[in-house]
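Visitor: Chain by chain, the residues run as shown.
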Amino acid sequence: MTRITVTVDGVSCTDEVEPRMLLVHYLREVVGKVGTVVGCDTSNCGACTVHLDGRSVKSCNVLAVQADGHEVTTIEGLATNGELHPMQAAFHENHALQCGYCTPGMIMQAVDLLKENPNPSEEEIRVGLEGNLCRCTGYHNIVKAVAAVAASSSSERSSV
Amino acid sequence: MTAVDDRPTTEVGRDRRRKEDQRLITGRTRWTDNIQLPGMLHLAMVRSPFAHAKILSIGTDEAKASTGVVAVYTGADLADSQGVNINAWPITPDQVTPTHLPVPADRVAHSGEIVAVVVARTAAQARDAAELVDVDYEELPAVLDMKEALKDEVLAHPDSGTNKSAFWKLDSKEQGSGGDVDEAIAKARQDGIVIEREYRQQRLVPAFMEPRSTVVDPTGEQISIWSATQVPHILRFAIAATMGIPESKVRVIAPDVGGGFGGKLQTTPEEFATIAVARKLGKPCKYTETRSETMVSAHHGRDQWQKLTLSAEKDGTVTGLKVELLADLGAYVAIVGGGVPVLGAWMFNSIYKFPAYQFNCQTILTNKTWVDAYRGAGRPEATYAIERIMDELAAEVGVDPIAIREKNWITHDEFPFTTVAGMTYDSGNYEAATEKALELFGYEELRAEQKQRRESGDPVQLGLGVSTFTEMCGLAPSRVLGSLSYGAGGWESASIRMLATGTVEVVSGATPHGQGHETAWSQIVADRLGIPFENIEVLHGDTQTAPKGLDTYGSRSLVVGGEAIVRAADKVIEKAKPIAAHLLEASVDDLEFSAGQFTVKGTDKGIGLTDIALATFAAHNLPDGVEPSIDADATYDPVNFSFPHGTHLCAMEVDTETGATSMRKYVCVDDIGTIINPLIVEGQVHGGLVQGIAQALWEGAEYDEQGTLVSGSFVDYTLPTAADTINFVSEHTVSPSTTNTLGTKGVGEAGTIASTPAVVNAIVDAVRHLGIDDIQMPCTPERVWKAIQSAGSHQAAAPVADAQPHFGDDAPNQDPAAGSTDGAAQ
Ligand code: FES
Ligand code: FES
Chain A
1 MTRITVTVDG VSCTDEVEPR MLLVHYLREV VGKVGTVVGC DTSNCGACTV
51 HLDGRSVKSC NVLAVQADGH EVTTIEGLAT NGELHPMQAA FHENHALQCG
101 YCTPGMIMQA VDLLKENPNP SEEEIRVGLE GNLCRCTGYH NIVKAVAAVA
151 ASSSSERSSV
Chain B
1001 MTAVDDRPTT EVGRDRRRKE DQRLITGRTR WTDNIQLPGM LHLAMVRSPF
1051 AHAKILSIGT DEAKASTGVV AVYTGADLAD SQGVNINAWP ITPDQVTPTH
1101 LPVPADRVAH SGEIVAVVVA RTAAQARDAA ELVDVDYEEL PAVLDMKEAL
1151 KDEVLAHPDS GTNKSAFWKL DSKEQGSGGD VDEAIAKARQ DGIVIEREYR
1201 QQRLVPAFME PRSTVVDPTG EQISIWSATQ VPHILRFAIA ATMGIPESKV
1251 RVIAPDVGGG FGGKLQTTPE EFATIAVARK LGKPCKYTET RSETMVSAHH
1301 GRDQWQKLTL SAEKDGTVTG LKVELLADLG AYVAIVGGGV PVLGAWMFNS
1351 IYKFPAYQFN CQTILTNKTW VDAYRGAGRP EATYAIERIM DELAAEVGVD
1401 PIAIREKNWI THDEFPFTTV AGMTYDSGNY EAATEKALEL FGYEELRAEQ
1451 KQRRESGDPV QLGLGVSTFT EMCGLAPSRV LGSLSYGAGG WESASIRMLA
1501 TGTVEVVSGA TPHGQGHETA WSQIVADRLG IPFENIEVLH GDTQTAPKGL
1551 DTYGSRSLVV GGEAIVRAAD KVIEKAKPIA AHLLEASVDD LEFSAGQFTV
1601 KGTDKGIGLT DIALATFAAH NLPDGVEPSI DADATYDPVN FSFPHGTHLC
1651 AMEVDTETGA TSMRKYVCVD DIGTIINPLI VEGQVHGGLV QGIAQALWEG
1701 AEYDEQGTLV SGSFVDYTLP TAADTINFVS EHTVSPSTTN TLGTKGVGEA
1751 GTIASTPAVV NAIVDAVRHL GIDDIQMPCT PERVWKAIQS AGSHQAAAPV
1801 ADAQPHFGDD APNQDPAAGS TDGAAQ
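Chains as they are written, first to last, in this note's numbering: chain A, 1 to 160; chain B, 1001 to 1826.
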């Protein structure tokens, strides 16, 4: 067992974990962050996507011990003071989810995508979400939601 | 005030944002795998690596000694307590239905079958110990190809003596719904056109995103079972019927379920095994599968060979259609596995007026993963084949694919129309949907561009694909199901509880897994009872709160379950009426109900429904003999199926040098009757389209010669990503259904049913001038390229088009360029 300290959604957590434990299992089983889910065992689906020090990672592809001393944000830590993150609001507004299983990972990836490229083309959005699978929506409304957030934040920027 | 403002605003038809979203976008969702109970144990399954093998012995000592392990059970240990997987639809009385034990003790019939269950304190410990279970197998010959299986040389189940499960036939002459198809074909061979084609429906994996999971808590009198299932009520029935547990002791809960698409309408070995183990140990147990386990163990979809013989007059008027299907059921007949291909019987004739028709279906057992419903279930297969062959007829006659459809389809003034298969379509307007689609698509312009590219010898050719489809959904009138030997009815149930403080609970027997029932049902009830949308709570998916139901599949929730809700709401109004009359000191006959208010005709006296709910709760002042409740239940048995339809148009670009294809444009105009929530409908259409497109272009469950699923993970089974897909244009025409109050028709499967042939028709259309008339799905660049290459050499050798060839005894009659041997061994 290895002792790690990870800040998860703003709370410092110190736990003993097996060195082989994946970050996603640490989050779900030890910290209780079940908002982050597992969709595959080959790092293809992106359902487990979280932010590690502000950048998106597939948490099934990172060991818990690698997160030692770092900061993790999950879907449960994205809203601030009870206010939905604009990406969460846009997913709701644009009906970008059906069963919602891919949604936590998709939103975390989309937030990171816009951080990297605040004004993406439709093509860039699609390529940026390539690592996240959704079986329900056909992606149409997910792309629309991400574009809507980009458009509203760029109009905010230009109005400043 | 303008007149417009006076109109009552209705919820039905509004693009309400979903009530479900809040918990899903914040990570507060209740997935089965999220459930943690005190003292809960975890299961891991030991699965067979062989497609067909005898189990000689199972060594469990080492696993039992492993850290954290509580128990290891083999099939022999569970023999008398594990129940059995049921088949609810024997399609013939003599159907061969091999016994399907959750954990077999002596023989496995497909790779991935469970042979032992390990129980440990943590999931990781259970998985570690599963590696230590030592199973000694004797491999048996496996039959994997369904055409091979027909020969009965190698048997999937030696004791059955045959691989043929059942043969099912519908003949329009015999049942009196049309003419003699063999006569029609014989005549067309003399003086008309006969088109013969064999199409392959490859095996698909439903690939819902949430892996299946089951939690069983045997504490107390009742056993509580949470499962990622589409069918909590059917599961409860199956447990009671096969495990010797009284139904009243079983509570099944489907919490939030992450997609199903038919893939979760099964009652599964994993569910039965988890229940059996939890009961043995008297402890709460959880089993959650890995994705690799989903791929081999959850049922697959499609997997048919489809032989079609279409006869027509020289002008393209179809005179007959004969269909011969081979359908692979895999190793076992799943819950409705045998029935899925049979659903095609009423759908191959589609929107057309064929005078003669025959449908033959042979179901077959092989040593592969079982096959059952996957989005569309029997109807996409039928639609694909008929829409592909109608294009072939158009090519033969030398007319546009739209023209050949116009010549043969049912016109809008002919509804209700009883088809050659014997179904009565209540309403529809194929002309209107097609006209709108052609316009949105820019059909003429794209045809002009196609011509120009052909003439200039552009290496990137353009093809236009048409798919005019209908489907039967809203399963189903119980009497019809009974006549088909289906093991259950097709009704749905609903309850409405009028709470004292003015809010309303709607209980539905349909169980959603992403469809947005909570939102749509609220809209229906809001209109019906005049209660604000926000004040309505929809409860479902728990046999304790929603005790009666037949669950969600076959696009039935709205057309059957929605109608049950309408009827329950109407009963609430009826029950409230005498109380309203009493409180208003008026006669029942003088009351009117509108927008949540009872009013006395010709006066300004009135009382709200919620006030009546409160008065009924208090029960201080009710009329004599009236019970203090205005709550109501309704169970609705549909009088007919519903028949959505639509016209889908797809433009594909095909690079003739590389075989690469790309989608340029996709337009669909669906007629699904009255729309409750256009936003939800759009979502259903988009998702359905991509699943259908994925069958055309990318997906296929491939096995190797040993019977191992090669595409057994998301690395090899290529689900489309955002980068593979485009934005769609989806519009509607509205021909309300005449068989339910709301006029709805069902939309869950439409996109999947219609899109596959639209895409393949487009690809074939792009390269037809090169001498290609078919490409087998999935139309990968490799297959397209091969088709182009061999068509080129074929053409050089025999530049003159052959007369229509006929079926050989067993040879598929595809274009040799079609790469028809590719994947034929599946
Ligand atoms: S769980 Fe699928 S990528 Fe992490
Ligand atoms: S919403 Fe169901 S998988 Fe994306």
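No lab work stands behind these hints: they were computed from the structure. Honestly, I wouldn't trust all of these hints.
[Claimed, not checked] No farther apart than 27 Å at their CA atoms in a straight line, the calculated lysine-lysine pairs in the DSSO-like style are these: (1) K1353(B) to K1283(B); (2) K144(A) to K1665(B); (3) K1577(B) to K1665(B); (4) K144(A) to K1019(B); (5) K144(A) to K1436(B); (6) K1665(B) to K1407(B); (7) K1314(B) to K1353(B); (8) K1173(B) to K1307(B); (9) K1353(B) to K1164(B).
[Unchecked claim] One side only, chain A facing chain B, incomplete, derived with CB under 7 Å: (10) G10; (11) C13; (12) V31; (13) V34; (14) N44; (15) F91; (16) Q98; (17) C99; (18) P104; (19) K115; (20) N119; (21) S121; (22) E124; (23) E130; (24) L133.
Note that the Cβ used here is the ideal one computed from N, Cα and C, for glycine as well.
Visitor: The structure should be examined with respect to each hint, and the outcome stated for every one.
Guide: Structure-based check of all given hints:
no.	hint	verdict
1	K1353(B) to K1283(B)	60 Å, violated
2	K144(A) to K1665(B)	17 Å, holds
3	K1577(B) to K1665(B)	54 Å, violated
4	K144(A) to K1019(B)	20 Å, holds
5	K144(A) to K1436(B)	24 Å, holds
6	K1665(B) to K1407(B)	26 Å, holds
7	K1314(B) to K1353(B)	17 Å, holds
8	K1173(B) to K1307(B)	20 Å, holds
9	K1353(B) to K1164(B)	33 Å, violated
10	G10	14 Å, violated
11	C13	17 Å, violated
12	V31	12 Å, violated
13	V34	4 Å, holds
14	N44	4 Å, holds
15	F91	5 Å, holds
16	Q98	4 Å, holds
17	C99	3 Å, holds
18	P104	5 Å, holds
19	K115	18 Å, violated
20	N119	18 Å, violated
21	S121	12 Å, violated
22	E124	10 Å, violated
23	E130	4 Å, holds
24	L133	5 Å, holds
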